[in-house]
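Student: If you read the sequence shown in full-length UniProt numbering, its first letter stands for residue 1, the second for the next number, and so on.
A hint or two may mislead.
[As the list claims (entries may be wrong)] In silico EDC-like links for lysine to aspartate or glutamate, alpha-carbon gap of 16 Å or less: (1) Lys192 to Glu211; (2) Lys401 to Asp351; (3) Lys505 to Asp485.
[What the hints assert, rightly or not] Cβ-Cβ distance ranges computed for the label pairs, FRET-style: (4) Glu281 to Asp355: 44 to 54 Å; (5) Ser136 to Pro256: 33 to 43 Å; (6) Ala18 to Glu57: 13 to 23 Å; (7) Ser193 to Thr422: 35 to 45 Å.
Quick caveat, the hints were computed from the structure, so don't treat them as lab data. Every residue, glycine too, gets a C-beta built ideally from N, C-alpha and C.
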Amino acid sequence: MRRAVAEPPARFEALHQAFRDGLRITASEFELGDVQSDGDSARVTYHAVHQLRGLGEWALEGTLHFVRQQGPWRVRWTPAVLHPDVRDGDRFSRTRTTPERADILDARGALLTLQGEVIAIGVDPTRIRNRADVASVLQAHLGVPPAHLDAALNAAGPVTSRFVPIIDIPQERYQQVRPTLAPVPGIFFRRKSARTPVDGFASHTLGRVGEVTAELLPQLGVTYLPGDLVGLSGLERAYEVQLAGSPSGDVILTRPSGETRVLFHFDGEPGAPLTTTIRREVQAAAEAALESVTQPAALVAVDSATGAVLAVASRPLSQPLHRALTGRYPPGSTFKVVTTEALLARGMRTDSPVDCPPVTMVRTKPFRNFEGESMGTTTLRQVFAHSCNTAFVTMATQLGKEALGAAARRFGFDVPYFPGLTSAASSFPTPVDDIELAAAAIGQGRVLATPLHMASVAAAAESGEWRAPYLVEGLEDGPSSELADGVRKPLSVLMRAVVMEGSGKAGRQVSGLGGKTGTAEFGTVPPLPTHAWFIGFRKGIGFAVLVEGGGVGGRVAAPIAAKFAGAL
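Using the sequences and the accompanying hints, generate a full structural model.
Tutor: Here it is as structure tokens:
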């Protein structure tokens with residue numbers, strides 16, 4: 001740059017560097033404008049845009065003076081090159097103020113987040129003796145992927161001593177893991193204030209706020225700085241821009257006399273509240289229902305009339321996986337709600353005769369009832385209430401893959417939708433043969449669903465129309481589809497029978513509760529473990545309960561469902 005300047009001052013580079021450092025300029029773009037020349041001198045206007053880290057763009061207009069002295073044109077440099085108002089001895093500085101983070105609200109405007117205190121778990125790269133040991137203990141006890149640790153350390157770069165934050169955890173969790181983490185060289189702790197969910201409600205959904213991580217900083221853009229508090233997960237992360245707003249600040253010019261001038265003001269934007277569809281009293285019921293559950297679990301509740309998500313909870317709280325939204329599981333016998341809708345649409349009645357043998361063959365594959373039971377010749381009501389696999393396998397092969405696939409689509413399978421947070425798709429792959437069709441009819445094979453989606457299935461059974469579930473106000477216009485004509489009432493009757501006389505009797509004391517149990521096999525090594533499911537409805541609320549690897553749906557998930565539904 002010096003070679004392009006006529007008679008540059010001795011401190012030319014230092015002055016430019018002080019300008020860029022004082023304002024934290026990360027990039028600049030220049031566009032030349034009008035040129036006016038007079039012999040060996042010329043004036044050129046320019047438009048400059050400077051990127052100020054943590055604030056944004058500062059655009060300004062200026063003029064460059066050129067001279068030609070027995071050679072090429074060169075800039076006649078003065079401090080005004082930096083800005084038209086700058087004189088010798090002036091210096092640049094800046095201010096920056098971040099707005100207060102906006103609130104996350106429930107459907108009725110109640111606060112879902114408050115200021116609290118968390119423990120930051122971090123590492124000092126200079127104190128780590130064995131990186132693999134650090135990665136192993138963080139993954140085993142806090143669910144931190146080794147790649148996350150690697151990214152944080154790589155982003156920190158070569159340092160002499162520094163606390164590199166990895167994850168924030170609640171106080172109670174810190175007390176549990178400290179004895180294991182503290183002896184590992186390189187792991188350190190810091191206490192800090194942070195926004196936390198009210199009473200721990202919906203913590204996976206609401207997410208966490210903490211100091212921006214080194215790996216996240218480049219993703220957020222130029223208005224963020226190290227040390228800023230940002231959303232790290234959940235809605236706090238997904239709606240970071242809305243909740244955080246943007247910082248305000250000034251570009252300040254200070255004269256040698258101490259006089260100051262504001263050359264530019266960044267207005268900033270206040271954060272805007274995020275209104276969710278969660279209802280605190282329903283969420284409280286969900287949290288209470290899962291309180292004593294020690295296995296991984298999820299509970300989701302939706303408004304049957306609208307699809308609005310009223311409660312969503314995942315367990316354990318110590319793991320980042322939000323299995324209620326992103327866990328995909330075989331739905332097991334809860335999928336018989338879909339199969340039965342297709343059967344009713346074909347003209348079957350709740351009292352239609354149906355055979356329930358202990359085993360039935362589909363080509364070369366035997367299908368059995370979960371505990372080997374047999375009901376002989378009975379009715380659709382009874383095989384649905386007692387979840388007879390062999391009956392549904394036989395009826396499905398007669399029904400055909402097209403009819404079952406159409407019913408699955410009416411219940412939203414393979415229908416893309418966005419509930420307001422990342423969620424996994426629920427899928428019903430077209431069966432390739434009768435064996436796959438038989439497995440699909442009882443929610444096995446390649447059929448996969450999230451607890452969120454199965455809650456929407458239960459809601460559709462109650463209302464007669466499937467509506468895509470949504471978690472954030474403004475997303476209510478998602479896809480929907482009506483169930484087949486005339487199926488809503490008999491389907492509701494059948495689901496009430498499950499509770500009153502069938503596999504869901506754990507909930508029979510809860511008035512108005514209808515549902516369907518599910519015991520979904522997974523894995524490849526016999527005896528196959530099972531997920532415990534219950535989907536149901538009560539008082540206009542459809543819901544799903546999943547206990548991962550929990551065993552029998554009627555014995556494990558149904559009591560949880562009864563506790564939840566009884567609190568509505």
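Student: Indicate, hint by hint, whether the structure satisfies it.
Tutor: Do the hints match the structure? See the list:
no.	hint	verdict
1	Lys192 to Glu211	holds (10 Å)
2	Lys401 to Asp351	violated (24 Å)
3	Lys505 to Asp485	violated (29 Å)
4	Glu281 to Asp355: 44 to 54 Å	holds (45 Å)
5	Ser136 to Pro256: 33 to 43 Å	violated (58 Å)
6	Ala18 to Glu57: 13 to 23 Å	holds (21 Å)
7	Ser193 to Thr422: 35 to 45 Å	violated (27 Å)
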